[in-house]
Amino acid sequence: MINYFKEILVGFWSLLAGMAVTIRYFTKPIVTVQYPREKIKMSPAYRGYPRLIIDPETQTHRCIACEMCARICPSQLITVEGIKFPGEKQKRATKYVHEHYYCSLCGLCTEVCPTSALEYSDEYRLAGYHREDAVLDHLVILQLRQTAAGLPVTAIPSAEEIAAAAAAEAAAKEAKAKAAAAAKKPQAGEEVKE
Amino acid sequence: MITSGIEEKTFVLNLGPQHPSTHGVLRVLLEMDGEYITAAEPVIGYGHRAHEHMAENRNYQQFLPNMGRVDYLHALAFNQGYCMAVEKLLGLEVPERAEYIRVITNELNRLTSHLLWFGAYLMDLGAFTPFLYCFDDREHILDLLDSLTGSRLTYCFYRFGGVPKDIDDDFISGTRAFIHRLRSRWADYDNLVTKNVIFIHRTKGVGLFTKEQCQLYGITGPSLRGSGIPYDIRKSEPYSAYPQFHFEIPIGENGDIYDRYIVRLREMEQSCRIIEQALNKLPKGPIMAEKVPKRIKPPEGEVYTAVETARGEFGIYIVSQGDVKPYRIKLRVPSFANLSLMVESFKDNLVADVVAILGSIDVVIPEIDR
Amino acid sequence: MDVLTHSLGSEGVRMIVGLIGVIALVSVNALFLIWMERKVAAHMQLRPGPMEVGPHGAIQTVCDAVKLMGKELITPEEVDKPIYYLAPIVVFLPVLLTFLVIPFSQTMVIKDLNVGIILILAFSSLSVLAILMAGWSSKNKYSVFGAIRSVAQNIAYEIPLLITVMSVILMVGSFKLTDIVVAQSRYWFILVQPLAFILYIICATAETNRTPFDLPEAESELVAGFHTEYSGMRFALFFLAEYTNMFIVSAVATVLFLGGWHGPILPGAIWFLLKVYALIFLIMWFRWTFPRVRFDQLVTFAWKILIPLSFVNLLLTALALKIF
Amino acid sequence: MLSESIPQALSPLNLEKVAPGDYAKTGYHLEVTATPEQMPAVAQALLKEGCFLESLTAVHTSREAFTLVYHFANFYELCRTAVHAVLPDGAEAPTISHVFPGADWYEREVYDLYGIKFAGHPNLKRLLLPEDADIHPLRKEFPAEAEAKAEAPK
Chain A
1 MINYFKEILV
11 GFWSLLAGMA
21 VTIRYFTKPI
31 VTVQYPREKI
41 KMSPAYRGYP
51 RLIIDPETQT
61 HRCIACEMCA
71 RICPSQLITV
81 EGIKFPGEKQ
91 KRATKYVHEH
101 YYCSLCGLCT
111 EVCPTSALEY
121 SDEYRLAGYH
131 REDAVLDHLV
141 ILQLRQTAAG
151 LPVTAIPSAE
161 EIAAAAAAEA
171 AAKEAKAKAA
181 AAAKKPQAGE
191 EVKE
Chain B
1 MITSGIEEKT
11 FVLNLGPQHP
21 STHGVLRVLL
31 EMDGEYITAA
41 EPVIGYGHRA
51 HEHMAENRNY
61 QQFLPNMGRV
71 DYLHALAFNQ
81 GYCMAVEKLL
91 GLEVPERAEY
101 IRVITNELNR
111 LTSHLLWFGA
121 YLMDLGAFTP
131 FLYCFDDREH
141 ILDLLDSLTG
151 SRLTYCFYRF
161 GGVPKDIDDD
171 FISGTRAFIH
181 RLRSRWADYD
191 NLVTKNVIFI
201 HRTKGVGLFT
211 KEQCQLYGIT
221 GPSLRGSGIP
231 YDIRKSEPYS
241 AYPQFHFEIP
251 IGENGDIYDR
261 YIVRLREMEQ
271 SCRIIEQALN
281 KLPKGPIMAE
291 KVPKRIKPPE
301 GEVYTAVETA
311 RGEFGIYIVS
321 QGDVKPYRIK
331 LRVPSFANLS
341 LMVESFKDNL
351 VADVVAILGS
361 IDVVIPEIDR
Chain C
1 MDVLTHSLGS
11 EGVRMIVGLI
21 GVIALVSVNA
31 LFLIWMERKV
41 AAHMQLRPGP
51 MEVGPHGAIQ
61 TVCDAVKLMG
71 KELITPEEVD
81 KPIYYLAPIV
91 VFLPVLLTFL
101 VIPFSQTMVI
111 KDLNVGIILI
121 LAFSSLSVLA
131 ILMAGWSSKN
141 KYSVFGAIRS
151 VAQNIAYEIP
161 LLITVMSVIL
171 MVGSFKLTDI
181 VVAQSRYWFI
191 LVQPLAFILY
201 IICATAETNR
211 TPFDLPEAES
221 ELVAGFHTEY
231 SGMRFALFFL
241 AEYTNMFIVS
251 AVATVLFLGG
261 WHGPILPGAI
271 WFLLKVYALI
281 FLIMWFRWTF
291 PRVRFDQLVT
301 FAWKILIPLS
311 FVNLLLTALA
321 LKIF
Chain D
1 MLSESIPQAL
11 SPLNLEKVAP
21 GDYAKTGYHL
31 EVTATPEQMP
41 AVAQALLKEG
51 CFLESLTAVH
61 TSREAFTLVY
71 HFANFYELCR
81 TAVHAVLPDG
91 AEAPTISHVF
101 PGADWYEREV
111 YDLYGIKFAG
121 HPNLKRLLLP
131 EDADIHPLRK
141 EFPAEAEAKA
151 EAPK
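Residue numbers (this note's numbering), protein chains in the order written: chain A, 1 to 194; chain B, 1 to 370; chain C, 1 to 324; chain D, 1 to 154.
For reference, chain A alone in the conformation it holds in the complex (with noise of 0.2 Å):
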């Protein structure tokens, strides 16, 4: 009999204490966010979608379109492509299209890039209306980048622009291949496939 009532008492009494700490927390400051009136900052590793850097020096991207990012990539989304323009040391890129509805954002391409080219956005707002918003091309980003940054455009090249290196290049080949007839091809497109 005293512990039926005993059991009772301390049931209320367990009650009572978890109202009291609710009503405690009532009068405790809200600790929430309205998000569109107020927005966080992201911190600074956070991981948006991978863009590519401004470099400080020369006020435009590294990327030497070396497929790097494109063949570690896990979901196989990038594309990229580029060329040796004619009178430059390396290739550049000419397209750099990140289909980011297939992306985990694991930043293995940030990670394996041999020119430190690709560093991920701040962006978080990634939702669109269409696949097809998803679809970053990252020299126009870059150029809006540098627009509002008010440096130097880097132009897209052109499909003709493109031909032209496409076919000096080939001619540079041919004359290097026929100075070094017997030389092997150097690099055997490593695999990595998908």
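Incorrect hints may appear among the rest.
Stated by the list, open to error - Listed below are the simulated PhoX-like cross-link pairs for lysine-lysine, each with C-alpha atoms no more than 25 Å apart in a straight line: (1) 6/A with 304/C; (2) 195/B with 304/C; (3) 204/B with 176/C.
These are computed hints drawn from the structure, not numbers from a lab.
Chains B, C and D: place on chain A using the hints.
Quick look at chains B, C and D alone, frame taken from chain A:
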């Protein structure tokens, strides 16, 4: 096997796949006699993404992001298990500092997982408010991990041979402040939940797992420790920097829901202890092994490594045939075994207990489905 | 007005004005209560709650009501149609009728019946019939569970509720609500009947199906319980009835224990409403603090704890009345 | 010491190989090779030693054969036993789900993903894939992810 018949006095209740408390897309067919359950049969696989098949078609690095998505609540443990297995295959030695960073982030991640479980479980039992208190706490950890790893949930942080980013003073002071804050909250949680008479009545003596059942079904994690078996991979098969820290393995007595609950609560405190020790003893040095090959191409062989996730033992079995792609990866996930025993313990319980038992073993359905 | 008074008599005018007043009160009150519930819940959970429509989201519930009215009324094919259609109306009408006897102040009572308290208890018990109808006709297993639970729960909790009310009535010697309030002009009955008050609040929470006794609609177990298959305005009627029921049980508690309209300075009606809303806040406070009890524990609790205690209370009251 | 008592318990079964494993390299303390037919007896012996079934899986080792891989561990002592059993394609392996009920789901999973049938299993149906699926995706002849993507209509 469940067969339904009109003339029988039992009937079949379809719980899920869309149900407020099946924690994802789990479907359980319950054969009921009134509100009592006579048989239960789970139907899983709604979230099957064929991770094991993906593994066979990707090279070792490309499989890394998958590991954050098997169990999205304790992604870093899965990261670690996979990295450890590949490091074992390659014979890589991980630097001390990297191991410490792994332990710190891993335990923080365990805290997020347990906090989410705590909140979600109380929500299963009908109390909504603790859920948001936990999320308030959890948000602080997510901010910390965000500042380090760049993502908030499906982390892909560890790399073969170490970690890609070092922790800074802000992270260390933030972590210390968080642990202080979390400890000040235990009293509130106790008053609001642990001592609550309704909670105690809902959980004591319900959903018993005996030691024998645990052995037969291969239960691991807090569900096992609630039954009184002190099996925790962090102690039983020490890995990473865990042997260097002092911590206890909380165990329960009866193996009911209440014990599993208490085990998880105490485990959170132990995680805080581990993090504090790791921050105090954090060694200086590199965070990446020196000779990590650019192309990961392990020699022929097979390896099995196990790590302790928030839900139990995650084992990864890799068969390598000396290729850049793994020949076979098997993910031994804890909830898979735990769920198969849980179904047994549904019998002769009320439908309200199904929700309570299901929540108490903390299933993450994508982990089971893989 | 004179014409009306002439043709209907002053009593008739009183009834019509009262009816309009009640309908207005019920809907405005429900809208306010839903907003209040959201705000209470939000602030207990460290968040602001609705903030977008109107100052502090005050018009949010109006928008929701309009949305619910505009929604399609979905009728599942298999349901038992007449009962399915009838249930939302059956749940709502008795709720309206109970307002007939609630004394907001000495004069603000539509019809001061001799059996006021009994009328309220009788009509509020009807809501369980509506829940049974809704659950049974929906042909959904979850709904049936909700309905069955609701019936068992209401039967179990009706008894202690009546017995606790009896102990107050013993003290007053009248079923008339105004008499009960007038009897409290010197002191409130909560001072002499604290146990009865606690028991009454527990039973009232169970009667109105609120957490921790919200088993008929236990969200995490039964999806939405008896109103799983209802949509649009039909669902809104259930919702309205729930909140109005909360108002009624709190009003009765105010009358029985908190001295009704008695209070200094402010007019009686305002005191009455203040007390009612304070009690409603208490019930909301329960909801956002406690987990849900299990069905068998709920019934055990009623039969093994509440009913014996309420009997003890009744006996003690009778003894005390006999002695003093 | 389990690493001694388990080989003793297994010795009457005449297994092909019971040898200590290279823990640092593979994570195994004991490596056992058996035939699928011996598996119920092996499981029984390990159950008596207090082990639990950690995982059960298969590897499609070659066109003709699978290897069933069983991992056993113990709650109280660190001793992982890996049992390999080679199973020719098309053959049935006896179930161990009557010994370890936990193997029930693992065997269903292996059946689901490889099409290996387990004789005596009480409820051998698909676990992860839909019940009407007609594929066994972890067999090596199943098209790889990239090929499947290419075939899928855009």
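Here is what the structure says about each hint:
{"no.": "1", "hint": "6/A with 304/C", "result": "14 Å, holds"}
{"no.": "2", "hint": "195/B with 304/C", "result": "22 Å, holds"}
{"no.": "3", "hint": "204/B with 176/C", "result": "46 Å, violated"}
When each numbered hint is compared with the structure, a violation occurs for hint 3 only.
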